[in-house]
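*Asks:* Using the hints provided, position chain B relative to the given structure of chain A.
Number of protein chains: 2
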Amino acid sequence: MTDPEESASAPTPLAPGEVGLVAPCDFVCAQSFTFRSGQTLPGFTLRYETYGELNATRDNAVLICHALSGDHHCAGVHSLQDRKPGWWNNLIGPGKAVDTTRFFVVCANVLGGCVGSSGPSSVDPATGEPYGIGFPFVTIPDMVRAQKLLLDHLGVTTLHAVIGGSMGGMQALQFAIEFPGFVRRVLAMATTARESAQAIAFNEVGRQAIMQDPDWNHGAYPKGGGPRVGLAIARMMAHITYLSDASMDRKFGRRKKNPGNGDVYNFDVQFEVESYLRHQGQSFINRFDANSYLYITRALDQFDLAAADGSLEAAFGPVQAETLVVGFTSDWLFPPEQNRAIAHALLRAGKRASYAELTTDLGHDSFLLESEELYTLVRSFLERSQAPVVDFSI
Amino acid sequence: MTDPEESASAPTPLAPGEVGLVAPCDFVCAQSFTFRSGQTLPGFTLRYETYGELNATRDNAVLICHALSGDHHCAGVHSLQDRKPGWWNNLIGPGKAVDTTRFFVVCANVLGGCVGSSGPSSVDPATGEPYGIGFPFVTIPDMVRAQKLLLDHLGVTTLHAVIGGSMGGMQALQFAIEFPGFVRRVLAMATTARESAQAIAFNEVGRQAIMQDPDWNHGAYPKGGGPRVGLAIARMMAHITYLSDASMDRKFGRRKKNPGNGDVYNFDVQFEVESYLRHQGQSFINRFDANSYLYITRALDQFDLAAADGSLEAAFGPVQAETLVVGFTSDWLFPPEQNRAIAHALLRAGKRASYAELTTDLGHDSFLLESEELYTLVRSFLERSQAPVVDFSI
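Those protein sequences? They're chains A and B, same order as listed.
End of the first sequence sits at 393 in numbering that gives the first Met the number 0; the numbers just go up one at a time, nothing left out.
End of the second sequence sits at 393 in numbering that gives the first Met the number 0; the numbers just go up one at a time, nothing left out.
Honestly, the hints are just simulated from the structure, not real lab data.
Any given hint could be a false lead.
No farther apart than 25 angstroms at their CA atoms in a straight line, the calculated lysine to aspartate or glutamate pairs in the DMTMM-like style are these [stated by the list, open to error]:
| id | chain 1 | residue 1 | chain 2 | residue 2 |
| --- | --- | --- | --- | --- |
| 1 | B | LYS250 | A | GLU336 |
| 2 | A | LYS250 | B | ASP303 |
| 3 | A | LYS95 | A | GLU356 |
| 4 | A | LYS147 | B | ASP262 |
| 5 | A | LYS95 | A | ASP262 |
| 6 | B | LYS250 | A | ASP308 |
| 7 | A | LYS255 | B | GLU312 |
| 8 | B | LYS255 | A | ASP303 |
| 9 | A | LYS250 | B | ASP308 |
| 10 | A | LYS255 | B | ASP308 |
| 11 | A | LYS256 | B | ASP303 |
| 12 | B | LYS256 | A | ASP303 |
| 13 | B | LYS255 | A | GLU312 |
| 14 | A | LYS255 | B | GLU336 |
| 15 | B | LYS255 | A | ASP308 |
| 16 | B | LYS256 | A | ASP308 |
| 17 | B | LYS255 | B | ASP267 |
| 18 | A | LYS255 | B | ASP303 |
| 19 | A | LYS255 | B | ASP300 |
| 20 | A | LYS250 | B | ASP300 |
| 21 | B | LYS256 | A | ASP300 |
| 22 | B | LYS255 | A | ASP300 |
| 23 | B | LYS255 | A | GLU336 |
| 24 | B | LYS147 | A | ASP262 |
Pulled a few chain A residues facing chain B out of the computed Cβ check, cut under 10 angstroms [unchecked claim]:
| id | residue |
| --- | --- |
| 25 | GLY19 |
| 26 | GLY205 |
| 27 | GLY229 |
| 28 | LYS250 |
| 29 | GLU271 |
| 30 | ASP308 |
Which stretches of chain B does chain A cover? Using the computed rule of at least three CB atoms under 8 angstroms from a CB of chain A, they are [as the list claims (entries may be wrong)]:
| id | stretch |
| --- | --- |
| 31 | 192-198 |
| 32 | 258-267 |
Backbone N, C-alpha and C fix where the C-beta goes; we use that ideal spot for every residue, glycine too.
In isolation and in its complexed conformation, chain A is listed as follows (with noise of 0.2 angstroms):
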């Protein structure tokens, strides 16, 4: 997904309707931890945010699912002198379409991830060394697993709801399957129930441009070095596909970096969009482990819920939760008819689902920019009253 700095406008942090000041806190898991791999954890931390208040009854938590290249900072400003606030601060706040004056909104760096939560970057009690391609393989039931002993940790006994785009569909999908009892609602935006051939020739071709750099070093590396060459190269081709056709030619179009020097012959930066994308290469690398890119793409392609139970609709079989699946015309990655066929296989199981449809040209990051048709969307899902969970398996 795009940079914070793209995806919301910077608020006044301290402004009513704000969720203001925040900070990180740190889950430490010292219980074993198993992977679907078979591999193991002796323990993992999970850094994580929260905003809002826990209920009484404890049953007002809202979980939100990070993207790729997200973590568990969604909102608020961490001091004031903090330029940009979380990636979907546009979204949650105090009477805002995720309300926490109403809701425990609660996010974590996803397993595997890099910002705080235990990954390839993590130390190795054992080595003292980064744990590099030695960490345990992460898929998305494992980040899932992670953040549900978050929340019982954190005292929740029902989730109101989970909401994610993208990666963070995948993951609201999973919770609902994995622990039915406990998940109300499911948001899942700019989504798939299955990785498709198209969006793993696109993770491959960032892997390789990541390892066949020199200076990946089969993935052992000092902290703040590494393949930084080919990151970039893999975060400016994604970028490519967070955006549509359409936006990239209304944002840049042909447009010359600089405009008065007429043709120019050389490889220099010609177009802004050329400059856009160096620029998204090179920050991306100050922020994010090109092992943990490794390991969350392949997690990714990992994806398919029909898998293990032949169709859609059997794996959907354990639900409970009310589901809203959206999806973007724009959306290439995750286009829209496969946030409608998870609708779909939810409803011939039985399920309750709907599935909206929001007309956008701006791609696959539709689901992180301002839309109030969204935020109403959201707003009235989070909201509605919901039969008793015990009355959705009739």
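*Replies:* Quick look at chain B alone, frame taken from chain A:
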């Protein structure tokens, strides 16, 4: 474009209806050539092939223009052991849509290319080393003007048609603008009148992958050496843009390379689409020069027919040829609307032009693939009688 082996079924080389054995020729032009950039070469070479015979009136020539990664070898085989025919062998041959019993077919490797024509991998006589990025910058108009000199040398007085897809379509359009009295018919497929921001963006990521590879060495590398990793990455990514989501899903889906192994947790090839892409990257580096890739993608980026004249209609002012533009519904690199826009601008400029849209799900490379519908369009466009050229300015 896709490698020839992907796009054409192997014929029996000497069967009736096949071009059969062909051999490339070199046109060595000893006159000084001035590029759009103002740079000059004292002369240049174009490698080319011809099929069929030039008629007595010297007006039955059909020029075939190739795409980014194509070359002069568009039909027939170079030896009886040759496993792959030329890249457009399905379209060109005795009795085929481009009928070599009627037409004198000419195809040249573009200026700036790396398959025999002068380009950055050619040896600079002044230094005895490859030009590298000391080679003059090449534009689509430069490519076209060099091919015109070849056609003059071959004694062609009038082009019956100029045909090309993708970058070949750009050359076909440019030819009709640069040499209006010389060109009777233009057949441009899967192309655009201006490279879009998204297409520039993909080209830029490919160039960065090449130029950031330490083996690029500012373009100075020995023949057969150079930035093989970067070039393979560029090719893998570009290849995705030549296909479609639907065709990749049909061809590969989520099929595993070794399905018996169950879930595999590593970064080796797991999915068939990964294996396919790696193969595409590896085979490309054995046949293509990285500097040529930089030059030709830059020529694509700079292609904007309307830029000099303020509008596409104005740019098409001189055109006398009759034009058929063919778009393909699943082409998301140069989508149907960009093809349609060319025909509409020609019509607004008072020219004879039509647009045909073929429903395919094979993506940009649809123009290369077997299609009776396309063959019929091409055949009838080439064979129908035409009003004399002088009538076109009415």
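*Asks:* State for each hint whether it applies.
*Replies:* Verification of the hints:
1. LYS250/B to GLU336/A: With a Cα-Cα distance of about 19 angstroms, the restraint between LYS250/B and GLU336/A holds, given a limit of 25 angstroms.
2. LYS250/A to ASP303/B: Holds. LYS250/A to ASP303/B sits at ~18 angstroms (cutoff 25 angstroms).
3. LYS95/A to GLU356/A: Holds. LYS95/A to GLU356/A sits at ~21 angstroms (cutoff 25 angstroms).
4. LYS147/A to ASP262/B: holds (24 angstroms)
5. LYS95/A to ASP262/A: This hinted pair is violated, its Cα atoms lying about 48 angstroms apart.
6. LYS250/B to ASP308/A: holds (23 angstroms)
7. LYS255/A to GLU312/B: It holds: about 23 angstroms lies between the C-alpha atoms, which stays within 25 angstroms.
8. LYS255/B to ASP303/A: Answer holds: LYS255/B to ASP303/A is near 13 angstroms, not above 25 angstroms.
9. LYS250/A to ASP308/B: The hint holds at about 23 angstroms.
10. LYS255/A to ASP308/B: Given pair LYS255/A, ASP308/B holds - Cα atoms ~17 angstroms apart, limit 25 angstroms.
11. LYS256/A to ASP303/B: holds (16 angstroms)
12. LYS256/B to ASP303/A: Holds. LYS256/B to ASP303/A sits at ~16 angstroms (cutoff 25 angstroms).
13. LYS255/B to GLU312/A: holds (23 angstroms)
14. LYS255/A to GLU336/B: holds (24 angstroms)
15. LYS255/B to ASP308/A: holds (17 angstroms)
16. LYS256/B to ASP308/A: holds (21 angstroms)
17. LYS255/B to ASP267/B: holds (12 angstroms)
18. LYS255/A to ASP303/B: holds (13 angstroms)
19. LYS255/A to ASP300/B: holds (11 angstroms)
20. LYS250/A to ASP300/B: holds (17 angstroms)
21. LYS256/B to ASP300/A: holds (14 angstroms)
22. LYS255/B to ASP300/A: Roughly 11 angstroms separates the two Cα atoms, so the pair holds.
23. LYS255/B to GLU336/A: holds (24 angstroms)
24. LYS147/B to ASP262/A: holds (24 angstroms)
25. GLY19: violated (37 angstroms)
26. GLY205: Holds, because the Cβ-Cβ distance from GLY205/A to chain B comes to roughly 9 angstroms (cut-off 10 angstroms).
27. GLY229: Since the shortest Cβ distance to chain B is 8 angstroms, the answer is holds.
28. LYS250: Hint holds; LYS250/A Cβ to chain B Cβ min 7 angstroms, cut 10 angstroms.
29. GLU271: Because about 8 angstroms separates GLU271/A from the closest Cβ in chain B, which is inside the 10 angstroms limit, the hint holds.
30. ASP308: Hint violated; ASP308/A Cβ to chain B Cβ min 14 angstroms, cut 10 angstroms.
31. 192-198: holds (count 5)
32. 258-267: holds (count 4)
When held up to the earlier numbered hints, the structure conflicts with 5, 25, 30 and fits the remainder.
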